[in-house]
Amino acid sequence: MSDNTIISTNNLNLWYNEKHALESVSMKIPKNRVTALIGPSGCGKSTLLRCFNRLNDLIDHVKITGEILLDDENIQGQETDVVHLRKKVGMVFQKPNPFPKSIYENIAFGPRVHGIKDKAELDRIVEQSLRHAAIWDEVKDRLNDSALGLSGGQQQRLCIARTLAVEPEVILMDEPCSALDPIATAKIENLIDMLKVEYTVIIVTHNMQQAARVSDYTGFMYLGRLIECGKTADIFEHPKEELTENYITGRFG
Amino acid sequence: MAEKFHAELKTTKKETVAMALFAREMLRTAVDSLIQQDRDLAVSVVARKEKLHEMEVRLEEQCYHLIATGQPMAKDMRVIACSLKVINASMRIGRYGKVIANIVKEISDKPHIARMMSIPHMAELTIDMVDDAIKAYETDSVALISDFSARDDTIDALRHSIFREGITYMMEDPKTITRCTHYIMVARYLERCADHACKIAENVHYMSTGERIEIH
Chain C
33 MSDNTIISTN NLNLWYNEKH ALESVSMKIP KNRVTALIGP SGCGKSTLLR
83 CFNRLNDLID HVKITGEILL DDENIQGQET DVVHLRKKVG MVFQKPNPFP
133 KSIYENIAFG PRVHGIKDKA ELDRIVEQSL RHAAIWDEVK DRLNDSALGL
183 SGGQQQRLCI ARTLAVEPEV ILMDEPCSAL DPIATAKIEN LIDMLKVEYT
233 VIIVTHNMQQ AARVSDYTGF MYLGRLIECG KTADIFEHPK EELTENYITG
283 RFG
Chain S
246 MAEKFHAELK TTKKETVAMA LFAREMLRTA VDSLIQQDRD LAVSVVARKE
296 KLHEMEVRLE EQCYHLIATG QPMAKDMRVI ACSLKVINAS MRIGRYGKVI
346 ANIVKEISDK PHIARMMSIP HMAELTIDMV DDAIKAYETD SVALISDFSA
396 RDDTIDALRH SIFREGITYM MEDPKTITRC THYIMVARYL ERCADHACKI
446 AENVHYMSTG ERIEIH
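Going down the list, the sequences are from chains C and S. Here the first sequence stands for residues 33 to 285, numbered as in my numbering. Here the second sequence stands for residues 246 to 461, numbered as in my numbering.
Since the hints were made in silico from the structure, they are not lab data. Do not rely on the hints blindly, as some may be mistaken.
No more than 30 Å apart at the CA atoms, straight line, and that leaves these computed lysine-lysine pairs for DSSO-like [said to hold, decoys possible]:
no., chain 1, residue 1, chain 2, residue 2
1, C, 263, S, 444
2, C, 263, S, 255
3, C, 263, C, 60
4, C, 263, S, 330
5, S, 249, C, 272
6, C, 272, S, 444
7, C, 272, S, 259
8, S, 380, C, 272
Using the sequences and the hints given, assemble the complete structure.
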């Protein structure tokens, strides 16, 4: 994998109570690339994704061992400012979850939390974020309308814009298209391709064709272990591991 | 759905083997008709081209259908990619059989010159290569094709030798020009058939291992 690593995990283990959900996961996430995590339900891919911005902290009885380095700093330490971490590592979820506020307020919310109060500066951030999320032209004339009036695909792009507004380095996407129709899905996929110029994207998806289309690198997980990780073309054309082969050719999962 | 896809893929591969064997048989029969000066046998080869074409179109469509509906990955994708190459190579091999059979129709009225030089031997080696390439595809076995580079060199050397020998006969006696030119063309067609067997072999290697090789 590329030397230009932004996140790396080293012998990462995670337990939910007694359940060993991640087993000795060591991987490198290259900067300004799209990395996809694939695998059958319950294989640990979403758990691994949530490790990268410590969302698992919110769950009781979780125990984590091993290292997760973001820009060479271990984010597992107690001294890590989790709010700052989640600013650097934004997240987009399966179902679009805009705040029940106006389109403008959805985007301005994050920058305000981080101390930006100047109206002109907020206006600039809102426009730039909406433009980067390829939704500006569709909403520019109704910024004060409720975000809940947008279509599902538009809401998801709004959520991506909301993530971009706090200028993250990494964007985590957990099945971002699973609630969308094919046209809205195509727009998000195009957007992911554009986003990697400025950001690093890590996407969890059940849709292997989507992983093959949008990602540069793919990791295949099975029963909490990272079985194989490499260039997407290699994984989908000639995987090294039989388990990967069997999964991506639909023989199980 | 995965089971249905894999059943369809298996059927397509089986039918592709059948097409390759059909083409191989066209070549074999054409060579036999040449050696035996059997015009009727040659005519029967030419008549098979319609069925060969029908098989090509049907199997290609089956492959495209599998790609469009199954969105295959990894080995499944490689089997389909290889099958498309086998279909194409089989079409060419069958057609060379037909072209050789057409030559038989032209020259079957007079005895052979110099027992056709090395053509019968070259034909045996070529058909052996076609057989092994088909078998390798059918059984997913790269062992059968590991020596294809050396075998192809032998075929090339035989073609060259037939060319030089043919020129000698033509210089000695201009009345042999038509017949010897046909022999030289047959050698050229056999060499092309061996090249198509090599193409199948390269693709079987990719299908089986995921790695590309080039057989010179």
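Hints, one by one, checked against the model:
1. 263(C) / 444(S): holds (27 Å)
2. 263(C) / 255(S): Holds. Residue 263(C) to residue 255(S) sits at ~29 Å (cutoff 30 Å).
3. 263(C) / 60(C): holds (12 Å)
4. 263(C) / 330(S): The given pair, whose Cα atoms are some 26 Å apart, holds under the 30 Å limit.
5. 249(S) / 272(C): The given pair, whose Cα atoms are some 25 Å apart, holds under the 30 Å limit.
6. 272(C) / 444(S): Roughly 24 Å between the alpha carbons, so the hint for residue 272(C) and residue 444(S) holds.
7. 272(C) / 259(S): holds (26 Å)
8. 380(S) / 272(C): The given pair, whose Cα atoms are some 25 Å apart, holds under the 30 Å limit.
In summary, the structure agrees with every hint in the numbered list given earlier.
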